[in-house]
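Number of protein chains: 2
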Amino acid sequence: MFDQERFEKQLAFIREIDKEKMIGRQSYLTDGKTLENDAEHAWHMAIMTVLLKEYANEDIDVLKTITMLLIHDLVEVYAGDTYAYDEEGKKTQAEREAKAADRIYSILPEDQGEYLKSLWVEFEEQKTPEAKFARTMDCFQPLILNDATNGKAWKEHEVRRSWVYKRNQTTANGSSDIWDYARENLIEKNVRNGNIIDDSKDQ
Amino acid sequence: MFDQERFEKQLAFIREIDKEKMIGRQSYLTDGKTLENDAEHAWHMAIMTVLLKEYANEDIDVLKTITMLLIHDLVEVYAGDTYAYDEEGKKTQAEREAKAADRIYSILPEDQGEYLKSLWVEFEEQKTPEAKFARTMDCFQPLILNDATNGKAWKEHEVRRSWVYKRNQTTANGSSDIWDYARENLIEKNVRNGNIIDDSKDQ
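Here the protein sequences line up with chains A and B, keeping their order.
In terms of my numbering, the first sequence is residues 1 to 203.
In terms of my numbering, the second sequence is residues 1 to 203.
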């Protein structure tokens, strides 16, 4: 039996999350001109997960990981994007995002809202193999875009080497292979060529 | 053993598909201002599949369906988007897209390139439950956006009722529930309010 009331709730959610396409990020696309948005970022990471799952430190449930990545930024529809290096914004980020999660997931039928919200909580808690690998994707993907645009966003924000390492302190938890590659070929390369400011000798 | 050559091929593909974010479509986002791009469209349909799989006519492998949807428009990175109602463009679409598929999937390690290309072929052939449901999503998603923007793209393109039915002739194959809902609540409603031109009495 088709339950129209249930279907209308699902549709209302599907319409509401369209706003994720309007949430801008700080990374430039590979054209070096357009800033990426959250939906594009999630799409990219979902395909990356299909291709790079073989490098996960622990076996992952790929569907669960992809679903987590597809939805993990939906809270930003209400809470806004908090830039990885925005220390002020990060102070209130958790509270803003928890309220946003309650609001957006309550649009869905209860079973589905609870499921998606639980995936978001799992991502935030960083305890499961899927959450760890999803975080690896979430940190690795902007490194790829930054490197491909000769560090445009890094240079605009005068990003320091120590900030990048702090941001990536959990990247190895999902995949030590990807972290080893990224550290040498994406981060240190861009420190050497000046796209990331080398503050390793500042104390 | 980490195979750096393999990883570099995967990365080259991941960088190349970034261009999908620059492939414009003819649907407006729910803000009624911005035209959607292929990556946003794919992201939206992937989440829709997680939420709406219960309406599939036949059981579907959700991971396979999502992967198919995430990658099915990648050929447009080289072949461009062909609007659903562009009859001239559609004459050369299959040939342009087949060449594009060979080109883009050959960037990947052979096993992964063959797998993703096979998913694209499966989508195009429309024989499996996953391909049918993916097509249902591919037709249903722009109906939602068009309806949410008071038919803005329909009106700009002077879209006729018969065109929408022709475009949706396979939508019921993946889900008769979704098609029944869409026909009455998204299509016929917009014929009645004039957003879609009623040509049902023209012969």
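Treat the hints as calculated values from the structure; they're not laboratory data.
The reader is advised that the hints may include incorrect statements.
Cβ-Cβ distance ranges computed for the label pairs, FRET-style [as the list claims (entries may be wrong)]:
#1 Arg192/A x Thr170/B: 51 to 57 angstroms
#2 Gly89/B x Thr34/A: 22 to 28 angstroms
#3 Gly194/A x Ser176/B: 31 to 37 angstroms
#4 Arg15/B x Glu188/A: 49 to 55 angstroms
#5 Lys127/B x Gly32/A: 37 to 43 angstroms
#6 Thr170/B x Gly194/A: 27 to 33 angstroms
Ideal Cβ positions, reconstructed from N, Cα and C, are used throughout, including at glycine.
(message) Verify the CB-CB distance for threonine 170/B and glycine 194/A against the hinted window 27 to 33 angstroms.
(response) Given a distance of about 54 angstroms, which is not inside 27 to 33 angstroms, the answer is violated.
(request) Starting from the range 31 to 37 angstroms, see whether the pair glycine 194/A and serine 176/B falls in it by beta-carbon distance. (result) violated (60 angstroms)
(message) Within 51 to 57 angstroms: is that where the Cβ-Cβ distance between arginine 192/A and threonine 170/B falls?
(response) Holds - the Cβ-Cβ distance for arginine 192/A and threonine 170/B, about 54 angstroms, lies within 51 to 57 angstroms.
(request) Can you let me know if the beta-carbon spacing of lysine 127/B and glycine 32/A is within 37 to 43 angstroms? (result) This hint holds: roughly 42 angstroms between Cβ atoms.
(request) Indicate whether the distance between the beta carbons of arginine 15/B and glutamate 188/A respects the range 49 to 55 angstroms. (result) For arginine 15/B and glutamate 188/A the Cβ distance comes to about 19 angstroms; the hint is violated.
(message) Given a hint of 22 to 28 angstroms, does the C-beta separation of glycine 89/B and threonine 34/A actually sit inside it?
(response) holds (25 angstroms)
The structure is inconsistent with the numbered hints 3, 4, 6, although it conforms to all the rest.
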